[in-house]
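**Q** Spelled out from the first residue to the last, the chains are:
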Amino acid sequence: MGTRNHLWLAAKRTLTWYLVGFTISDRYATVVSVTGDSMHPTFTAASSSLRGDVVLAERSCLQKYQFSHGDVVLFKCPSDHRELFVKRLIALPGEWMQLPGTPDIIKIPEGHCWVEGDNAACSWDSRSFGPIPLGLIKGRVTHVIWPPSKIGRVDTKMPENRISPL
Amino acid sequence: MAGPWPLLRSILRNCVAGTLVGVTVNDRYASVVTVRGTSMNPTLEPQQGDRALVSRLCLDARYGLSRGDVVVFRSPTEHRSLVVKRLIALPGDWIQVPAAQEIRQIPVGHCWVEGDNPDVSWDSRSYGPIPLGLMQGRVTHIVWPPNRIGPVERKMPEGRVMQQ
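Residue numbers (our numbering), protein chains in the order written: chain A, 1 to 166; chain B, 1 to 164.
Just so you know, these hints were derived from the structure itself, not from any lab.
It is possible that some hints are incorrect.
[Said to hold, decoys possible] Not everything, but these chain A residues come out facing chain B in the computed CB check (under 10 Å): (1) 12; (2) 23; (3) 26; (4) 37; (5) 134.
The structure presented is a predicted model; accordingly, all values stated were derived computationally and were not measured.
Backbone N, C-alpha and C fix where the C-beta goes; we use that ideal spot for every residue, glycine too.
The task is simple: from the sequences and hints, build the whole structure.
**A** In structure tokens form, the structure reads like this:
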């Protein structure tokens, strides 16, 4: 009787912590590990043995959709819904921006945004697939939490002279 | 000393546990939404105050969505609002666009959605295919009002989609 009671308590406690974890991860903040080179040097990609940088992404920005230029955001890939991408937010709805490498200026449609990797040479981003709906965004990356040498905030950063808000 | 505290504590603990279970179920498995707008008449009728049960289980790795399902997704032009429409075509399908006399292919990772009431529906016919990543769930049942409780059927327009 004593052991069963004990087991029951332990099970209940474990379940509660799972639920707390799920809730926090779904609504407030989550931890993801970065793979791929597209955000170099902000994040380093997975090497062969280690799985690369681990970052903290907050989700509370999604309730009000408060984003600003230069934020690093987490979003679902527009052409593969199973994959999460991490890129930098360059332009917001209604803004005019210059396409890199061309003299063209385009307007970001309503409810869309423009995302680019920091490592332009090997990033697959809005320059290939165009503006993406803001509804695909799943969070904003605020901190790097692993490896220990890189722990710290992720700064917002903007390429110069690319957008002209109208 | 024992007083009311143990009782209060246990009530409080149960409340917190209940809320957590509710929030988790709502975020991950199923939730109830109220339908507004007449774009899905007669399947969903806002005049009657229809409330629909949305299952999110279809969103896991396998993406168990099929053509003809009624789905809930984030509007591609207004990220704060959720929209309910019928899923007509999946990636790779060819679809005949009713207004224009053309046949187009749905790009990878996208889908085509339309309302059941074409006259008042603002859907893929205006904004084109949308990314599957916007999907938030599948409408499975109407749960309120009582006289309309029942499952929501899968339905497809005839002869417009060439499946891949």
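**Q** Kindly indicate which numbered hints from before are broken by the structure, ordering the numbers from low to high.
**A** Hint check: 4 fails alone, others pass.
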